[in-house]
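Take 1 as the starting number for the sequence shown in the numbering used here and just add one per residue.
Since the hints were made in silico from the structure, they are not lab data.
Careful: at least some of the hints might be erroneous.
Derived pair list, reagent style DSSO-like, types lysine-lysine, alpha-carbon separation capped at 27 Å [said to hold, decoys possible]: (1) Lys259 x Lys150; (2) Lys150 x Lys175; (3) Lys182 x Lys233; (4) Lys203 x Lys246; (5) Lys177 x Lys93; (6) Lys233 x Lys246; (7) Lys48 x Lys177; (8) Lys150 x Lys93; (9) Lys182 x Lys203; (10) Lys192 x Lys233; (11) Lys256 x Lys233; (12) Lys203 x Lys48; (13) Lys4 x Lys182; (14) Lys175 x Lys48; (15) Lys192 x Lys177; (16) Lys48 x Lys238; (17) Lys175 x Lys93.
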Amino acid sequence: MYNKEIRLVNMTRYVTPLREGGSLPAIVECDDGFDYVIKFRGAGQGVKALIAEFIGGEMARHLDLNMPELVFIHLVDTFSKSEGDEEIQDLLKFSEGLNLGMSYLSGAITYDPLVSIADPLAASKVVLLDSIITNIDRTHRNTNLLNWNKALWVIDHGASLYFHHSWDGWEEHAKRKFPMIKDHVLLAKATKLEEAKEFLKDKLTPEIIEGIVNLLPEDWLIDPSGEVSTDQKREVYKEFLNIRIKNIDVLTKEAKDAKG
1 MYNKEIRLVN MTRYVTPLRE GGSLPAIVEC DDGFDYVIKF RGAGQGVKAL
51 IAEFIGGEMA RHLDLNMPEL VFIHLVDTFS KSEGDEEIQD LLKFSEGLNL
101 GMSYLSGAIT YDPLVSIADP LAASKVVLLD SIITNIDRTH RNTNLLNWNK
151 ALWVIDHGAS LYFHHSWDGW EEHAKRKFPM IKDHVLLAKA TKLEEAKEFL
201 KDKLTPEIIE GIVNLLPEDW LIDPSGEVST DQKREVYKEF LNIRIKNIDV
251 LTKEAKDAKG
C-alpha cells in the first residue's frame with residue numbers, strides 16, 4: 001500500500017505569478033515557512049488538472065524520480081480582496097478551498113536537451129511514465145523538467161490523463177497506444193527502456209495505484225451534474241492506470257520504435 005501522507009498547509013502570502021504557465025500558477029508562501037508553486041483549482045482546467053498533477057507526480061516519486069514535494073494548500077477568499085490585478089483577483093476568488101502546491105526549487109533551471117543533465121535510466125523511466133499517464137506536455141517546446149543540484153527533476157503533469165475531460169469511452173482510451181511519445185524531449189536519452197520497464201512493472205502495483213488515487217481530496221472528485229459518484233471516479237482512475245501499466249510492453253516497444 002502507498003502509505004505516504006500529504007501535508008496540508010495554509011497560504012499566507014501571494015508572492016508572484018509565474019506568467020509562463022497557461023493556468024497562471026504562482027509562487028506563494030505558506031504557514032510552514034516554505035515557498036511553493038501553487039496550481040489553482042480556479043484556473044482553466046479546474047480540479048482535473050490538479051488531479052492529473054497529483055497522480056503523475058506521486059507516481060513519479062514512487063519510481064524514485066526526483067519530484068518536488070506535493071502539498072495541499074488551503075486558500076481563503078480574503079487574498080483576492082487585496083490583489084490589484086483583476087485576472088489574479090478572479091483566480092484567487094474562484095480557488096477558495098484546497099489547491100495543489102509543489103515545493104519551490106529556488107535556483108533551478110529549465111531543462112535544455114542540448115546541455116542539461118539526464119541520467120539514461122531516469123530519462124527512460126520518465127518516457128514510460130508519460131506513456132502510461134498520457135502526458136502530452138513534455139516536448140522540446142515545453143520540457144516541464146528542471147535541473148537542480150546537478151540532477152534531473154520532473155514537474156508539471158497537469159496535461160496528463162486527458163481522458164477525464166470526457167468520461168465516455170475511458171476503457172477504449174486506456175487500451176490505446178501513445179503515438180505522441182515520438183515528440184518526448186527525453187526520448188533520445190532514454191537508452192535503458194527495458195530496464196525501466198521492468199522497474200515500473202515491479203513498482204507500480206495495483207495496491208500502489210490504489211493508495212495514490214485514494215489520497216485525492218473528495219471535493220476534487222465531485223461531479224456537479226451528480227451523474228458520477230466520487231467513488232466511481234476513483235475506480236475509473238485506478239482501472240485506467242492499471243490497464244495501461246499492464247500494456248507496458250506495448251508502450252515500451254512504441255517508444256523504442258519512435259527512437260528509430
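Verification of the hints:
Our distance criterion of 27 Å between C-alpha atoms is met by Lys259 and Lys150, whose separation comes to about 26 Å. With a CA separation close to 37 Å, the supplied pair Lys150 and Lys175 exceeds the 27 Å bound. Note on Lys182 and Lys233: the hinted pairing is violated, with a Cα-Cα distance of about 30 Å set against a maximum of 27 Å. For a cut-off of 27 Å, the pair hint linking Lys203 to Lys246 stands: about 12 Å separates their Cα positions.
Among the hinted pairs, Lys177 with Lys93 is inconsistent with the structure: their alpha-carbon atoms are about 39 Å apart, more than 27 Å. Only pairs whose Cα atoms come within 27 Å are accepted, and Lys233 paired with Lys246 is accepted, the gap being roughly 20 Å. A distance of roughly 22 Å separates the Cα atoms of Lys48 and Lys177; the hinted pair therefore holds under the 27 Å criterion. A threshold of 27 Å between alpha carbons decides the hint, and for Lys150 with Lys93 the separation of about 38 Å lies outside it, so the pair is violated.
Between Lys182 and Lys203 the alpha-carbon distance is near 25 Å, which keeps this suggested pair within the 27 Å criterion. Distance check on the hinted pair: Lys192 and Lys233 sit about 34 Å apart at the alpha-carbon level, beyond 27 Å; violated. As the CA atoms of Lys256 and Lys233 are separated by approximately 33 Å, the hinted pair breaks the 27 Å bound. Annotation: proposed proximity of Lys203 to Lys48 holds, straight-line Cα distance about 25 Å (limit 27 Å).
Distance hint between Lys4 and Lys182 is unfulfilled; the C-alpha atoms sit about 33 Å from each other, more than 27 Å. Between the alpha carbons of Lys175 and Lys48 the distance comes to roughly 21 Å, so the proposed pair stays at or under 27 Å and holds. Taken as a hint, the Lys192 and Lys177 pair is honoured in the structure, with Cα atoms around 20 Å apart against an allowance of 27 Å. Annotation: proposed proximity of Lys48 to Lys238 holds, straight-line Cα distance about 15 Å (limit 27 Å).
Distance hint between Lys175 and Lys93 is unfulfilled; the C-alpha atoms sit about 39 Å from each other, more than 27 Å.
Violated hints, listed in ascending order, are 2, 3, 5, 8, 10, 11, 13 and 17; each of the other numbered hints is respected by the structure.
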